[in-house]
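The listed protein sequences derive, respectively, from chains A and B.
Numbering follows the numbering used here, with no gaps: position 56 of the first sequence is 56.
Numbering follows the numbering used here, with no gaps: position 65 of the second sequence is 65.
Where hints are given, some of them may not hold.
[As the list claims (entries may be wrong)] Beyond 12 Å from chain A on every Cβ pair, some chain B residues (computed):
1. 85
2. 138
3. 142
4. 165
5. 192
6. 202
[To be verified] Covered by chain B, per the in silico footprint, the following chain A stretches (three or more residues, Cβ under 8 Å):
7. 15 to 29
8. 44 to 52
9. 80 to 88
10. 132 to 144
11. 151 to 165
[Stated by the list, open to error] Just the calculated beta-carbon pair ranges, DEER-fashion:
12. A/142 / B/171: 40 to 46 Å
13. B/45 / A/117: 20 to 26 Å
14. B/58 / A/160: 31 to 37 Å
15. A/36 / B/185: 37 to 43 Å
16. B/224 / A/42: 32 to 38 Å
17. A/157 / B/224: 35 to 41 Å
18. A/97 / B/125: 17 to 23 Å
19. A/144 / B/52: 48 to 54 Å
20. A/151 / B/145: 47 to 53 Å
21. B/154 / A/54: 25 to 31 Å
22. B/114 / A/105: 37 to 43 Å
23. B/162 / A/93: 49 to 55 Å
24. A/93 / B/168: 32 to 38 Å
Quick caveat, the hints were computed from the structure, so don't treat them as lab data.
Note that the structure is a prediction, hence the values are computed from the model and not measured.
Here a beta-carbon is modelled for each residue, glycine too, at the ideal position from N, C-alpha and C.
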Amino acid sequence: MFVILLLPQSTASSAFYIGNSYYIAYGGKVDIYTPGYPINVFNNGQSNWISLPLPYWIQAGWRYYASFQLPQKYVEYHSPITNCEIYHQGNQDWGTKVEYNIINVGDDVWCAYINNLGIGCREIVYTPEVIEVMSEIHEDHRIELFTQFENASYRDSSNNYYLFDQGNWFEQFPYLIAIEDESTYLTYRELTYQQFLHVIFSN
Amino acid sequence: MKNIKIWMLGVSVFLVALLSLLVFWRVNADRGQQLAEQLSQSLQSERLPLQSVRVANQSPLTLEITLEYSSQDGPERKADILRGRHAVQWHCTQLNREQFQLNSYIVLIQNPSGQQLSWEQNFLYPSDAEDSPEQYSLKLSEANDYLREAFLAGSARVERFELIKEQKDGVPVYTLMIQMIEPDLATLNRELPMAQVERLIRDVNAQKLFPVDICWLEIKGPNGETWVDYLYDYSLSAMNWWIADGVSTEWFPHPAPLPNQEPTATPAARPYPLGTAQPTASSPYP
Numbered sequence: 001m002f003v004i005l006l007l008p009q010s011t012a013s014s015a016f017y018i019g020n021s022y023y024i025a026y027g028g029k030v031d032i033y034t035p036g037y038p039i040n041v042f043n044n045g046q047s048n049w050i051s052l053p054l055p056y057w058i059q060a061g062w063r064y065y066a067s068f069q070l071p072q073k074y075v076e077y078h079s080p081i082t083n084c085e086i087y088h089q090g091n092q093d094w095g096t097k098v099e100y101n102i103i104n105v106g107d108d109v110w111c112a113y114i115n116n117l118g119i120g121c122r123e124i125v126y127t128p129e130v131i132e133v134m135s136e137i138h139e140d141h142r143i144e145l146f147t148q149f150e151n152a153s154y155r156d157s158s159n160n161y162y163l164f165d166q167g168n169w170f171e172q173f174p175y176l177i178a179i180e181d182e183s184t185y186l187t188y189r190e191l192t193y194q195q196f197l198h199v200i201f202s203n
Numbered sequence: 001m002k003n004i005k006i007w008m009l010g011v012s013v014f015l016v017a018l019l020s021l022l023v024f025w026r027v028n029a030d031r032g033q034q035l036a037e038q039l040s041q042s043l044q045s046e047r048l049p050l051q052s053v054r055v056a057n058q059s060p061l062t063l064e065i066t067l068e069y070s071s072q073d074g075p076e077r078k079a080d081i082l083r084g085r086h087a088v089q090w091h092c093t094q095l096n097r098e099q100f101q102l103n104s105y106i107v108l109i110q111n112p113s114g115q116q117l118s119w120e121q122n123f124l125y126p127s128d129a130e131d132s133p134e135q136y137s138l139k140l141s142e143a144n145d146y147l148r149e150a151f152l153a154g155s156a157r158v159e160r161f162e163l164i165k166e167q168k169d170g171v172p173v174y175t176l177m178i179q180m181i182e183p184d185l186a187t188l189n190r191e192l193p194m195a196q197v198e199r200l201i202r203d204v205n206a207q208k209l210f211p212v213d214i215c216w217l218e219i220k221g222p223n224g225e226t227w228v229d230y231l232y233d234y235s236l237s238a239m240n241w242w243i244a245d246g247v248s249t250e251w252f253p254h255p256a257p258l259p260n261q262e263p264t265a266t267p268a269a270r271p272y273p274l275g276t277a278q279p280t281a282s283s284p285y286p
């Protein structure tokens, strides 16, 4: 009971972000795994993606919500004229890896690829831009998380890819990162007893 | 003599190959033009502000669709663009319904003076062959009642809740129209009725209750101002929307804020969390 009281009491109108970013590039790609087993997202959901930053973005990854049977690959765009859009691209089964890629193809046009298949292109923002590779938990801190990111890479203006070599980490309690290096890391939710210890020691 | 025969044979092979290429190119050009005309007719039947449909690339086939909207930004134009772009997506996908023909399409939006407002391209791929027609357990009116009961409007006043049947390209399309008025923005952000649409339409289809194709949700404020304009298409597995400033963005994926544009401290190195299953058989960590 004591432990429950120490947990975040309300996360209404908030999302949790956990991952890394690269400043700045002409695109990026990453392999994103789904957990090996179905996770509990309670009545909400999570998404795991590579993305441009706010306010206008292109984003590719997988999302899993309470109504989904399996995680779904998707591409999301938010651009000034065409507003917000999400296009699902089929399931990504539990325990599998998919490569997600966003690249600038000239001027302010960015395109999204899933496993090297072109999905769509929009006018978003001029290059270079920040590339975010993160997990996003939608509103509920109880949602389980266990997502592995591998080979997070940025793209230079000559279409060469290099592994992330910057640690611009995002981490929001109770979600944490287990880091192998800047391009390979695992995002996960701290277990309840670990949260208890965290609160005790931080006080 | 033998050399002349070989030479003639070579020329013949070359001519046959050239002729075949020309025929192939001509057939492709005709096919592309036919599809452009077919798409143009479909879009005109939707009364879209269509300027042109043209073949942008023969092989792989890409069509370019130009729509015209007013220069002045505002809720009406946003709503019109949302519907117009969705109609283009729907009809382009329909072109591939019986046979895969169209590889991608470009949508140009311009204002009345011809200035380009936006450019986009979407790629299409062959879909799995559909099984025999699905059997659904509810009739149209029953499905309407079921959806009305399942949809939680919260404190909002529902002005319209109607499941309608339309014919598009000779195909029946079932659209759920929801129009609501929510007097309080804070309440809207707390209850987020738009967040339940995707689940509602997925469930009614997955449970084989009724084949709802599209849901169009409009939420207005107390003075008739549009707060949410949301369109979910089950057949395209897509959703398009726009929301007014102040409406919560927490119900869809969006990037992390970059408060100071500065790298943060590296979190302490941690081992893999104990008691949690690994995502793959082989862990990359010790």
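Would the least Cβ to Cβ distance between residue 202 of chain B and chain A come out above 12 Å? violated (5 Å)
Is the claim that residue 85 of chain B lies outside the interface with chain A correct, judged by CB distances over 12 Å? violated (6 Å)
Could one say that the CB atoms of residue 142 of chain A and residue 171 of chain B fall in the range 40 to 46 Å? holds (43 Å)
Take a quick look at residue 192 of chain B and tell me if its Cβ sits farther than 12 Å from every Cβ on chain A, holds or violated. violated (9 Å)
Look at the Cβ atoms of residue 97 of chain A and residue 125 of chain B and judge whether their distance stays inside 17 to 23 Å. holds (20 Å)
Evaluate the given range 37 to 43 Å for the C-beta pair formed by residue 114 of chain B and residue 105 of chain A. Between residue 114 of chain B and residue 105 of chain A, where Cβ atoms are some 24 Å apart, the hint is violated.
CB-CB spacing for residue 93 of chain A and residue 162 of chain B relative to the 49 to 55 Å hint: violated (38 Å)
Three residues or more, CB to CB closer than 8 Å: is that satisfied between the segment 44 to 52 of chain A and chain B? This one holds; 4 residues, not fewer than the three required, reach chain B with a Cβ under 8 Å.
Between the segment 132 to 144 of chain A and chain B, are there enough contacts, at least three residues with CB-CB distance under 8 Å, for the coverage claim to hold? holds (count 5)
Should the label of residue 165 of chain B as a non-interface residue stand, given a Cβ cut-off of 12 Å to chain A? Holds, since 25 Å exceeds 12 Å.
Per the coverage rule (Cβ-Cβ under 8 Å, at least three residues), is the segment 15 to 29 of chain A covered by chain B? holds (count 5)
In this structure, is the beta-carbon distance linking residue 224 of chain B and residue 42 of chain A contained in 32 to 38 Å? The hinted range 32 to 38 Å holds for residue 224 of chain B and residue 42 of chain A, with Cβ atoms some 36 Å apart.
Checked against the numbered hints above, the structure violates hints 1, 5, 6, 11, 13, 17, 22, 23; every other hint is satisfied.
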